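If you want the building blocks of each chain, they are given just below.
There are 2 protein chains.
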Amino acid sequence: MNITILGTGMVAQTIATKLIQLGHTVTLGTRNPEETKNRNTPNQRTGQSFYDWYSKHDGVLLKSLDTSANKADLIINATSGQASIEALEAVGEGNLAGKILIDISNPLDFSQGMPPSLFISNTYSLGEKIQERFQDLKVVKSLNTMNTYIMMHPESIDGDHSVFVSGNDDNAKIEVIALLKSIGWKEENIIDLGDISTARGTEMLLPIWLRLWKALGHTNFNFHIQQAK
Amino acid sequence: MNITILGTGMVAQTIATKLIQLGHTVTLGTRNPEETKNRNTPNQRTGQSFYDWYSKHDGVLLKSLDTSANKADLIINATSGQASIEALEAVGEGNLAGKILIDISNPLDFSQGMPPSLFISNTYSLGEKIQERFQDLKVVKSLNTMNTYIMMHPESIDGDHSVFVSGNDDNAKIEVIALLKSIGWKEENIIDLGDISTARGTEMLLPIWLRLWKALGHTNFNFHIQQAK
Numbered sequence: 252m253n254i255t256i257l258g259t260g261m262v263a264q265t266i267a268t269k270l271i272q273l274g275h276t277v278t279l280g281t282r283n284p285e286e287t288k289n290r291n292t293p294n295q296r297t298g299q300s301f302y303d304w305y306s307k308h309d310g311v312l313l314k315s316l317d318t319s320a321n322k323a324d325l326i327i328n329a330t331s332g333q334a335s336i337e338a339l340e341a342v343g344e345g346n347l348a349g350k351i352l353i354d355i356s357n358p359l360d361f362s363q364g365m366p367p368s369l370f371i372s373n374t375y376s377l378g379e380k381i382q383e384r385f386q387d388l389k390v391v392k393s394l395n396t397m398n399t400y401i402m403m404h405p406e407s408i409d410g411d412h413s414v415f416v417s418g419n420d421d422n423a424k425i426e427v428i429a430l431l432k433s434i435g436w437k438e439e440n441i442i443d444l445g446d447i448s449t450a451r452g453t454e455m456l457l458p459i460w461l462r463l464w465k466a467l468g469h470t471n472f473n474f475h476i477q478q479a480k
Numbered sequence: 252m253n254i255t256i257l258g259t260g261m262v263a264q265t266i267a268t269k270l271i272q273l274g275h276t277v278t279l280g281t282r283n284p285e286e287t288k289n290r291n292t293p294n295q296r297t298g299q300s301f302y303d304w305y306s307k308h309d310g311v312l313l314k315s316l317d318t319s320a321n322k323a324d325l326i327i328n329a330t331s332g333q334a335s336i337e338a339l340e341a342v343g344e345g346n347l348a349g350k351i352l353i354d355i356s357n358p359l360d361f362s363q364g365m366p367p368s369l370f371i372s373n374t375y376s377l378g379e380k381i382q383e384r385f386q387d388l389k390v391v392k393s394l395n396t397m398n399t400y401i402m403m404h405p406e407s408i409d410g411d412h413s414v415f416v417s418g419n420d421d422n423a424k425i426e427v428i429a430l431l432k433s434i435g436w437k438e439e440n441i442i443d444l445g446d447i448s449t450a451r452g453t454e455m456l457l458p459i460w461l462r463l464w465k466a467l468g469h470t471n472f473n474f475h476i477q478q479a480k
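Heads up: the protein sequence lines correspond to chains A and B, in order.
According to my numbering, the first sequence is numbered sequentially starting from 252.
According to my numbering, the second sequence is numbered sequentially starting from 252.
Treat the hints with caution; some may be incorrect.
What the hints assert, rightly or not - Cβ pair distances, simulated, as ranges:
no., chain 1, residue 1, chain 2, residue 2, range
1, B, N289, A, E383, 45 to 53 Å
2, B, E406, A, N419, 48 to 56 Å
3, B, S331, A, G345, 47 to 55 Å
4, A, Q299, B, D360, 39 to 47 Å
5, A, Q363, B, K432, 33 to 41 Å
6, A, D409, B, D360, 37 to 45 Å
7, A, E439, B, T292, 37 to 45 Å
8, B, E439, A, D360, 32 to 40 Å
9, A, S407, B, S433, 34 to 42 Å
10, B, Q295, A, S433, 38 to 46 Å
11, A, E383, B, G260, 32 to 40 Å
12, A, L467, B, S407, 23 to 31 Å
13, A, G349, B, G260, 46 to 54 Å
What the hints assert, rightly or not - According to the in silico footprint, chain B covers these stretches of chain A (three or more CB under 8 Å from chain B):
no., region
14, 433-444
15, 450-456
16, 472-479
Calculated from the structure, these hints are not laboratory results.
Owing to the predicted nature of the structure, the values given are computational and were not obtained by experimental measurement.
Beta carbons are placed, not taken as given, at the ideal position from N, Cα and C, and that holds for glycine.
Can you make the complete structure from the sequences, with help from the hints?
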């Protein structure tokens with residue numbers, strides 16, 4: 252598949268690396284490709300700059316947002332929650348129409364310090380806001396409830412753990428679930444919560460995720476829904 | 252221990268039944284004990300009225316809120332989130348001072364229909380509000396993230412699943428954790444998230460809990476934090 256990832260940060264890089272391995276053609280969409288290409292500030296966690304990563308991944312295309320998604324079979328929103336609507340507007344409604352967007356962003360508000368709160372929650376969600384703003388886009392909220400490495404390497408956590416899917420379009424969810432399975436997610440651990448309004452539930456997992464990070468001292472964990480047998 | 256449970260609904264009854272079995276002296280606090288005692292409306296889920304349940308549980312004391320907690324070693328708030336502050340005010344600050352309160356309530360707002368939203372969330376929590384209003388009470392938020400049967404029968408779900416603890420007083424949390432273990436919670440599945448502000452995280456699990464109920468068709472599930480080994 253032609254997959255366009257919006258964003259070029261560590262999250263986008265981790266997803267791109269995995270999707271290339273799976274044989275997909277990956278395009279990263281960014282505001283200014285020339286500037287992005289030469290970005291040599293090392294990532295705080297990985298020590299690797301975008302320049303370093305990009306040099307090692309020849310297959311990845313880097314394009315400006317407005318030209319990044321016209322050939323995409325599927326788009327992944329890996330921008331920060333604060334920047335998501337603006338980035339999608341830069342892609343353009345015409346380029347988005349009829350396509351599937353996997354929205355992995357979270358409405359994190361860092362303006363009041365750590366841990367962040369949410370700038371949309373409870374009676375609305377960022378997933379719904381994106382769907383409302385881009386009516387012809389098929390928004391599927393997923394993968395937003397764990398660290399990026401686990402998203403792409405579910406086998407890195409022993410045992411069963413869950414990934415949630417929310418969206419209005421059943422066929423779009425079927426395609427996203429197929430992609431999740433190809434990444435390594437077990438079918439029985441993929442939970443379809445319902446329409447896009449159920450993204451309120453998954454986005455509101457972030458407050459406890461952030462506090463578990465502090466309590467456990469790491470982010471190598473995921474939520475699992477343990478059911479009675 | 253002398254344990255006072257505020258509330259007389261199905262939640263309070265399920266907790267009381269278990270705590271009596273464990274050998275505790277249980278008092279239920281209610282607005283009007285005479286009226287409560289004679290309540291014969293069957294519970295929608297269990298088909299059992301308070302009158303039925305109370306007739307079978309001689310050991311349980313039923314008292315008005317203001318006299319229910321004066322001898323309590325520990326208090327459990329099993330009132331609805333909407334009614335919690337008022338119920339605690341009826342118990343009286345003097346009766347609460349210095350005591351431990353396990354707050355299992357959630358700030359559910361049913362005014363806009365189903366599923367309920369939260370009337371406090373994101374930058375505040377009901378746990379914090381109770382702690383702020385009753386400064387000499389040692390509030391420990393716990394058990395609010397699962398159905399009542401699982402709270403008292405963790406063995407009803409196979410495998411590991413988690414219970415969270417939030418509170419400002421470390422000794423109070425130690426006592427609550429000891430009680431949880433006596434109920435059957437495994438030590439490794441009890442997660443101390445930190446101070447009472449971490450109740451924001453556990454109360455914000457309710458939106459996904461409600462949607463999982465709908466998606467799975469039952470409430471016999473619990474959250475588990477699956478960690479990399």
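Are there hints from earlier that the structure breaks, and if so, what are their numbers?
-> Structure breaks hint 2 only.
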